[in-house]
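Student: So you can see what is in the structure, the chains are spelled out below.
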Amino acid sequence: MKNSGTLKVITPSDREVAMIRVFDAPRHLVFEAWTKPELVKRWLYGPDDWRLAVCKMNLKPGGGLRFVWRHDDGQDMGMSGVFREVAPPERLVFTEIWDEDWTDGETLVTIVCSEHAGKTTLTQTVLYSSREARDAALKTGMEHGAAVSYDRLAELLKS
Amino acid sequence: MIETLQALAEPNRFQIVELLRDGPRAVGDIVDHLALRQPQVSKHLRLLSDAGLVDVRVDAQRRIYALRAAPLKELEVWIERYRRIWEGNFQRLDGVLQELKAKEKKRGRTRR
Chain L
86 MKNSGTLKVI
96 TPSDREVAMI
106 RVFDAPRHLV
116 FEAWTKPELV
126 KRWLYGPDDW
136 RLAVCKMNLK
146 PGGGLRFVWR
156 HDDGQDMGMS
166 GVFREVAPPE
176 RLVFTEIWDE
186 DWTDGETLVT
196 IVCSEHAGKT
206 TLTQTVLYSS
216 REARDAALKT
226 GMEHGAAVSY
236 DRLAELLKS
Chain E
20 MIETLQALAE
30 PNRFQIVELL
40 RDGPRAVGDI
50 VDHLALRQPQ
60 VSKHLRLLSD
70 AGLVDVRVDA
80 QRRIYALRAA
90 PLKELEVWIE
100 RYRRIWEGNF
110 QRLDGVLQEL
120 KAKEKKRGRT
130 RR
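Taken in order, these protein sequences are the chains called L and E. Using my numbering, the final residue of the first sequence is 244, and nothing's skipped along the way. Using my numbering, the final residue of the second sequence is 131, and nothing's skipped along the way.
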């Protein structure tokens, strides 16, 4: 019932993947939920057997960021980056590179929040170093995504 | 999968696939719709065929190309799974946002 919009995944160019989603909240709150570590940890962890164990953000241009996801079995998946643009409540741009570099180099993430009538459209675009890098990343996403069962999703919808 | 994406990544081949979505076409017909000569079109068609994206049958003197649904379906499933992992994230974000909204409302009321 809290699900205010369906997620659209598009490939705007051969090096990008973009996700577009509408949220039933003003954009300063969406921006806050994306930039306050204690809030980010509550939602940005992918399948249920993962959690965002480390979330550090030095929220200013040139500031660093560090995310580490940890699986129930102890496996870690870390990512570091640098903020390029920090313009609340509208725009956030940062680079990211995974510890195990399965995206073939740095990617650039652009987050744009636009607000209309109290609702926010979030557009999250990832620019990869090459088409091959993007495709490999999509493939990894698929393998992890497959771990999320529909039962769990239904549970989330109920909460 | 990578093969499908590579085959589709070339703009002319992508256009051929788009063209074939309306139904099977003869090579000459495809040439008429593209700004390419027949040998180039044939080369692209051969690549699409190697990637399993199109089937060819010979009808009298003409080679008729048709789209094969399976690789495109596979691609869709692939993107769908990527979408699902983020849908999970964003559904949780919905919950966080509802909470922030409620808190803000409360703060607003106490201030007044």
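I should point out that these hints are in silico values taken from the structure, not numbers from a laboratory. Please note that the accuracy of each hint is not assured.
To be verified - A few chain L positions that, by computed beta-carbon distances, are all more than 10 Å from chain E:
1. T91
2. D99
3. V102
4. P111
5. V115
6. G131
7. A138
8. H201
9. T206
10. D220
As the list claims (entries may be wrong) - Listed next, with one range per pair, are the computed distances between beta-carbon atoms:
11. L/V167 / E/Q57: 29 to 35 Å
12. E/R56 / L/K93: 55 to 61 Å
13. L/K145 / E/E93: 42 to 48 Å
14. E/Q57 / L/S165: 18 to 24 Å
15. E/N31 / L/D184: 34 to 40 Å
16. E/A89 / L/G163: 35 to 41 Å
17. E/R81 / L/K204: 35 to 41 Å
18. E/D69 / L/D99: 43 to 49 Å
19. L/S199 / E/L38: 32 to 38 Å
20. L/P173 / E/R128: 47 to 53 Å
21. L/S98 / E/E93: 19 to 25 Å
22. E/F33 / L/S165: 41 to 47 Å
23. L/D109 / E/G47: 33 to 39 Å
All values reported here derive from a predicted model rather than from experimental measurement. Ideal placement from N, C-alpha and C gives every residue a C-beta, glycine not left out.
Student: Check each numbered hint from earlier against the structure, then list the numbers of those it violates in ascending order.
Tutor: Violated: hints 1, 2, 3, 4, 5, 6, 10, 11, 12, 14, 17, 18, 20, 22, 23.
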